[in-house]
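Colleague: Throw the hints in and build the complete structure from the sequences for me.
If you read the sequence shown in the working numbering, its first letter stands for residue 3, the second for the next number, and so on.
By construction, these hints were calculated from the structure, which means they are not laboratory data. A virtual CB, placed ideally from N, CA and C, is assigned to each residue, including glycine. Any given hint might turn out to be false.
[Unchecked claim] What follows is a list of derived Cβ distance ranges for each label pair:
| # | residue 1 | residue 2 | range |
| --- | --- | --- | --- |
| 1 | Lys47 | Gly117 | 21 to 27 Å |
| 2 | Leu54 | Gly117 | 16 to 22 Å |
| 3 | Asn10 | Asn37 | 37 to 43 Å |
| 4 | Ala77 | Pro121 | 44 to 50 Å |
| 5 | Asp5 | Lys109 | 46 to 52 Å |
| 6 | Lys68 | Glu34 | 28 to 34 Å |
| 7 | Lys57 | Leu108 | 20 to 26 Å |
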Amino acid sequence: MKDKAIKNIISEFEKLSNLIFSQLDNLNDYFETNNNELSNKILIKIEETEYLINKFEVNLDNQIIKTVVLYKPVASDLRQIFAVYRMTINLERIGDLIIKIANYVLKVNDSEFYGNSAPMLSKMLKLAIENLKLSLLSFFKADKDPAIRAIKNDKDINNMNKKILNKSMKKNGLEKKMRLLILNLSDIRTIVSAIERIGDQASNIAESSIYATIGAIVRHKDFQ
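Modeller: Encoded structure:
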């Protein structure tokens with residue numbers, strides 16, 4: 003019964019992971035479309051998927067608590083269960099960030115400033131998605147190497163943060179559009195930071211995967 007309960011937890015966690023990837027794909031489509039009608043449909047889909055993500059998170063929490071209380075799993079099982087618990091929190095936070103990004107895009111998507119930034123934002127998001135895939139692959143395959151790659155790659159996402167802001171500043175006449183630029187910059191900065199935090203959550207998942215796989219705590223370590 004214990005093994006079946008743990009298997010069910012992993013299965014539900016995999017479903018939650020797939021929902022998050024679906025949500026990230028929706029967000030990327032949102033970045034790449036210039037059609038207002040299509041944008042509205044994508045936003046509705048994002049909001050509907052967020053509701054499902056929250057349901058999965060609550061269900062997983064309940065399953066994990068029930069499994070620990072009823073079956074008193076041994077240390078190796080506990081490592082895996084607690085890793086899933088932490089990664090579920092990370093995925094739920096990614097879901098919240100996706101909603102936040104979509105709402106800010108809705109505010110600025112008609113601005114020239116956003117139009118200049120959108121391609122780089124999409125590229126940055128794709129890097130974050132790739133890191134999340136590596137992190138979860140590491141957990142499901144019980145292999146620490148993809149997780150280590152994800153943690154290393156997170157630096158690339160952080161560097162793109164600066165590049166997007168610098169490029170946007172150069173493409174807009176600061177003297178002529180100072181007030182509008184500052185307002186839009188604030189919103190774009192929020193979007194960029196939220197995508198960066200998705201990359202951070204992917205790194206957190208990678209660290210949890212390494213812990214579940216080999217029992218090593220690698221938080222705050224620098225992988226070169």
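Colleague: Could you run down the list of hints and mark each one as holding or not?
Modeller: Here is how each hint holds up against the structure:
1. Lys47 - Gly117: 21 to 27 Å: 23 Å, holds
2. Leu54 - Gly117: 16 to 22 Å: 32 Å, violated
3. Asn10 - Asn37: 37 to 43 Å: 41 Å, holds
4. Ala77 - Pro121: 44 to 50 Å: 48 Å, holds
5. Asp5 - Lys109: 46 to 52 Å: 49 Å, holds
6. Lys68 - Glu34: 28 to 34 Å: The hint (28 to 34 Å, Cβ to Cβ) is violated, given that Lys68 and Glu34 are roughly 42 Å apart.
7. Lys57 - Leu108: 20 to 26 Å: 24 Å, holds
Comparing the model with each earlier hint shows violations of hints 2, 6; every other hint is respected.
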